Amino acid sequence: MVHIATGRSTQSTTGTHATRILGIVTLVGVAWLILFGLFLSPADKNQGESVRILYLHAPSAWLAYLAFVVTAAASALYLFRKTHSLAWDRLAGASAEIGVLFMGVTLVVGMLWGRLTWGVFWRWDARLTTTAFLFVTYVGYLAVRRLGGTPEQRARRSGVLALLAVLEIPLVHFSVKLWRGLHQDASVLRPDGEVKLDGLMLFTLFSGIITFTLMYAWLVIHRTRTLTAEDMLDDVGLELALAERRRESIPRTNEENGALLS
Amino acid sequence: MSERSPRDIMSAWWHTTRLIAKRDLLVEWRSRIALNQVFPFAGIVMVMFGFAIDDTRLMERIAPGLIMLATMFSLLILVQRSFAVESEDGALDALRTAGVSSSALFWGKSIAMAAQLAALEALLIVLAILLYGSTIRPSGVVLLIATWLAASWGLATVGTLYGGLAAGARGRETLLPLLLLPVVAPVLIGATRAVEAALGARGSVADGWPWMGLVAVFAAVFCAGGTLAFGPLIDE
Amino acid sequence: MGTDAGPAEDRPSSPVVALDDAVAVLGRFPALAGVTLRVDRGDIVWLRGPNGAGKTTLLRLCAGLVPLTRGSGIVLGCDLRTERDQLRPLVGVLGHANGLYLDLTVAENVGFWGATVGASSDEIASVLDRLGLSLRLASLPVRRLSAGQQRRTAIACLIARRAALWLLDEPHSGLDAAGRDDIDAILRQAAASGATVMVASHEFDRAAPLATKTFDVIGGVIQAAGTRS
Numbered sequence: 001m002v003h004i005a006t007g008r009s010t011q012s013t014t015g016t017h018a019t020r021i022l023g024i025v026t027l028v029g030v031a032w033l034i035l036f037g038l039f040l041s042p043a044d045k046n047q048g049e050s051v052r053i054l055y056l057h058a059p060s061a062w063l064a065y066l067a068f069v070v071t072a073a074a075s076a077l078y079l080f081r082k083t084h085s086l087a088w089d090r091l092a093g094a095s096a097e098i099g100v101l102f103m104g105v106t107l108v109v110g111m112l113w114g115r116l117t118w119g120v121f122w123r124w125d126a127r128l129t130t131t132a133f134l135f136v137t138y139v140g141y142l143a144v145r146r147l148g149g150t151p152e153q154r155a156r157r158s159g160v161l162a163l164l165a166v167l168e169i170p171l172v173h174f175s176v177k178l179w180r181g182l183h184q185d186a187s188v189l190r191p192d193g194e195v196k197l198d199g200l201m202l203f204t205l206f207s208g209i210i211t212f213t214l215m216y217a218w219l220v221i222h223r224t225r226t227l228t229a230e231d232m233l234d235d236v237g238l239e240l241a242l243a244e245r246r247r248e249s250i251p252r253t254n255e256e257n258g259a260l261l262s
Numbered sequence: 001m002s003e004r005s006p007r008d009i010m011s012a013w014w015h016t017t018r019l020i021a022k023r024d025l026l027v028e029w030r031s032r033i034a035l036n037q038v039f040p041f042a043g044i045v046m047v048m049f050g051f052a053i054d055d056t057r058l059m060e061r062i063a064p065g066l067i068m069l070a071t072m073f074s075l076l077i078l079v080q081r082s083f084a085v086e087s088e089d090g091a092l093d094a095l096r097t098a099g100v101s102s103s104a105l106f107w108g109k110s111i112a113m114a115a116q117l118a119a120l121e122a123l124l125i126v127l128a129i130l131l132y133g134s135t136i137r138p139s140g141v142v143l144l145i146a147t148w149l150a151a152s153w154g155l156a157t158v159g160t161l162y163g164g165l166a167a168g169a170r171g172r173e174t175l176l177p178l179l180l181l182p183v184v185a186p187v188l189i190g191a192t193r194a195v196e197a198a199l200g201a202r203g204s205v206a207d208g209w210p211w212m213g214l215v216a217v218f219a220a221v222f223c224a225g226g227t228l229a230f231g232p233l234i235d236e
Numbered sequence: 001m002g003t004d005a006g007p008a009e010d011r012p013s014s015p016v017v018a019l020d021d022a023v024a025v026l027g028r029f030p031a032l033a034g035v036t037l038r039v040d041r042g043d044i045v046w047l048r049g050p051n052g053a054g055k056t057t058l059l060r061l062c063a064g065l066v067p068l069t070r071g072s073g074i075v076l077g078c079d080l081r082t083e084r085d086q087l088r089p090l091v092g093v094l095g096h097a098n099g100l101y102l103d104l105t106v107a108e109n110v111g112f113w114g115a116t117v118g119a120s121s122d123e124i125a126s127v128l129d130r131l132g133l134s135l136r137l138a139s140l141p142v143r144r145l146s147a148g149q150q151r152r153t154a155i156a157c158l159i160a161r162r163a164a165l166w167l168l169d170e171p172h173s174g175l176d177a178a179g180r181d182d183i184d185a186i187l188r189q190a191a192a193s194g195a196t197v198m199v200a201s202h203e204f205d206r207a208a209p210l211a212t213k214t215f216d217v218i219g220g221v222i223q224a225a226g227t228r229s
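Residue numbers (the working numbering), protein chains in the order written: chain A, 1 to 262; chain B, 1 to 236; chain C, 1 to 229.
Hints listed in this document are in silico derivations from the structure and should not be mistaken for laboratory results. Treat the hints with care, as some may be off.
As the list claims (entries may be wrong) - Now the in silico label distances, taken between C-beta atoms and shown as ranges:
no.: 1; chain 1: A; residue 1: L86; chain 2: B; residue 2: G231; range: 19 to 29 Å
no.: 2; chain 1: C; residue 1: S173; chain 2: A; residue 2: L101; range: 48 to 58 Å
no.: 3; chain 1: B; residue 1: M10; chain 2: A; residue 2: V69; range: 30 to 40 Å
no.: 4; chain 1: C; residue 1: A224; chain 2: B; residue 2: S11; range: 19 to 29 Å
no.: 5; chain 1: C; residue 1: A178; chain 2: B; residue 2: R18; range: 35 to 45 Å
no.: 6; chain 1: B; residue 1: V126; chain 2: A; residue 2: L86; range: 45 to 55 Å
no.: 7; chain 1: C; residue 1: S121; chain 2: A; residue 2: R246; range: 43 to 53 Å
Note that the structure is a prediction, hence the values are computed from the model and not measured. Ideal placement from N, C-alpha and C gives every residue a C-beta, glycine not left out.
Same shape as in the complex, but just chain A:
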């Protein structure tokens, strides 16, 4: 059994020494975040304890946008470099999957926070609406990745789509912002806008972002390796299929003769 990342013979896992260290550091970061977020940082003057959701909501949103940027960059690197290395495509796909997951988390947590503080699940504000659009766009992207065909076809199709999304998302964001600008009641219904972050709270938020970035790195590395394994499996599958296919062309008369003689 060949290890994906190192090429050495080992058992079937996508972990390496480096990712184990990364994983441990991330876990420490998560523990740190829980400690500071839930216990050590102060409650907000206006929102009370419910401000603590911010330490989950904001880093999730950050991670989701980071993932989106990485997908776009990796797609560009796949398409525009002469080598057209599929590794970039796999990175794009892995990052998109993680991005979709955390966009979902951002939306759900955001809705819970809104419900908790202001009694409404959804506010038609620019940021949340754009996040929802980003979410749907990337669900579409993942669907296109599953359309089938060779890895190169998948890579090109989804690569172009990712770059189109780079065009589209700012347009959507700008449209929604202009749109919500019409409605001045936004200031009352913006929990994150109302919170003044000082000292310890800012520090906690910052650690949250660092921790989530580490988590993203760990997830993306493992997922990319899994996708590499899937592509390798495909290749093996192709080899088997080719062998099977070539067997069709062996003249039957030889086999028939053999059967008759035996």
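Knowing the structure of chain A, use the given hints to seat chains B and C on it.
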């Protein structure tokens, strides 16, 4: 093909584009599928809105939004039709084989689609006047026409682009709504506000122009993006 | 009518089609499992083999419609890995379907394809004439024609496009004896004027006398080749 001046190449490109646009419109004229099926569909949708909303004053206020929604749904069908024509008799393969540059193909199909969309939207505006009691402000006519043109072109380019991606293989057509509708959101937002201003449903005419600008920017961005991206997307 | 076969075709010795161990995959299925093939200019090539052997995919590969997964291939001087775009305008494909616009007339269909290469209306008229498609038939929508007439229209489109390589999949199917004779004559004439023709066909009686080279395609590979001078 040796030394050709940029002017020659440009005129050959335009020639091909016009050829494709004419052909698409000719096919539509002969088969009359958009006319006989899609336009009535849009009309029914407008009537259905009436059943669902059932409040005349409200409907007059939101008429522009309903017009744009009906347009979006019809867009999905028009796009699928545009590419079904290609694969009906294996023509998509033939088209890929021909000496047709993908950008000329994109522009030709977009122009034909924009013409059909423009006719559709005009119909919907008339229906809104008849069914919802909308009225056109004289001062808003220019805004209305500008929005009408920009929205038709923007939706046509985006539709052709994503339609190309969704065409060809079975199981891809169902992707079209999922891919296309989020993308056209800026047009929905912008065109609705602009038409609201033009029809006097909300805001003054001056308020409407920035929204029309948004739609125009969208159209320009996807026109350029589509010209580049169409070739790679329809290729196998 | 003379055809310009493309950039690297000055020397008659370079083959029109040169495939080396070409593998082409449709979805997950390796339709072509390592094809090695040489075709020269002016050849009429007959591809024969059972259904599912990969003949159609081989034709589409030579048209630049299907990407090359492994191996190498050069068709009309274009590398199949990188230059499929440049290859496509030089090639004409006639598949199981005809590639026609059913609601347009014969004249409009042929005119459209001719216009993509800048053919004059005289050229188009003469093409229609040669294939017996003028007068009454030319102004009928393709939808109203018989299978044989549609097939002839499709071939007229191929001629109008001045393709240097003709790739035909079962061109004789659905035609009566006279129609088949017509096709044979047209293919011979195309080859004589410098085009190269590749035909996939089950019709032994038709294809054998026509072909200058024969290839057996079985299981996605070329089994045997025969040449007739």
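Now the hints, each set against the structure:
no. : hint                        : result
1   : A/L86 x B/G231: 19 to 29 Å  : 21 Å, holds
2   : C/S173 x A/L101: 48 to 58 Å : 52 Å, holds
3   : B/M10 x A/V69: 30 to 40 Å   : 37 Å, holds
4   : C/A224 x B/S11: 19 to 29 Å  : 50 Å, violated
5   : C/A178 x B/R18: 35 to 45 Å  : 39 Å, holds
6   : B/V126 x A/L86: 45 to 55 Å  : 53 Å, holds
7   : C/S121 x A/R246: 43 to 53 Å : 51 Å, holds
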